[in-house]
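Student: Sequence:
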Amino acid sequence: MSHLLEIALGIGLAAATGFRVFVPLALLGLAARFELLTLASGFAWIGSTPALVILATACLLEIGAYYIPWVDNLLDTIATPAAVVAGVTVSAAVMADLSPELRWTLALIAGGGVAGLVQGSTVVARQASSLATLGLGNFALATAEALLAFFTTALAILVPLFVLVLLGVLVLWRVRRHREAVT
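With numbering that gives the first Met the number 0, letter number 50 in the sequence shown gets 49, and the count goes up by one each step, no holes.
If you are wondering where the hints come from, they were derived from the structure by calculation, not from laboratory data. Please read these numbers as outputs of a predicted model, since none were measured by experiment. It is possible that part of the hints are untrue.
Claimed, not checked - Label pairs and their in silico Cβ distance ranges:
| no. | residue 1 | residue 2 | range |
| --- | --- | --- | --- |
| 1 | I67 | G119 | 19 to 27 Å |
| 2 | L35 | V181 | 37 to 45 Å |
| 3 | L169 | A131 | 22 to 30 Å |
Beta carbons: idealized from backbone N, C-alpha and C, even for Gly.
I would like the entire structure built from these sequences, with the hints used as guidance.
Tutor: This is the structure in structure tokens:
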């Protein structure tokens with residue numbers, strides 16, 4: 000896999016961890032198990048049977064917990080640092096052909112950064128929804144985030160460059176929208 004594809008895949012998977020921490024990890028493990036991609040040295044455990052069982056269980060529990068009013072807000076305090084760690088992990092795991100120094104630098108800065116930004120935006124959206132609907136509207140938000148986690152992960156694995164371009168467009172749109180709100 001070319002370096003650009005590995006970086007795009009890592010950033011795309013990291014973005015998905017901002018929506019749900021365990022969905023990208025579980026799907027990455029399945030993709031590795033079915034040899035759709037190669038993991039970097041030291042990350043083969045992600046595709047192991049014990050890891051897949053644990054990740055699938057954690058994935059289901061995480062998705063379900065976000066449907067419980069007020070628990071979802073509590074989970075955000077845990078999910079924010081967990082998303083950054085997961086973003087770093089998935090990024091580093093798929094950058095198999097990069098030197099360790101470059102892999103970890105990109106994983107920490109790009110992977111962790113993107114995961115944190117996406118997770119931060121979901122926290123803000125959930126707080127706004129909780130205030131506006133007393134938590135009752137969070138069901139729709141939880142569904143959208145879970146779908147975005149699956150969709151972003153699948154796209155990152157199947158067409159990583161597209162996800163990188165899509166993330167760039169979304170960032171530019173958000174910056175422009177912020178500038179318009181300020182002026």
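Student: All hints are to be evaluated individually against the structure, with a verdict given for each.
Tutor: Verification of the supplied hints:
Evaluation of the 19 to 27 Å hint for I67 and G119 yields a pass: the beta carbon distance comes to about 22 Å. For the pair L35 and V181, the beta carbons lie near 43 Å from each other, so the given range of 37 to 45 Å is met. Restraint check, L169 to A131: a C-beta distance of roughly 23 Å satisfies the suggested window 22 to 30 Å.
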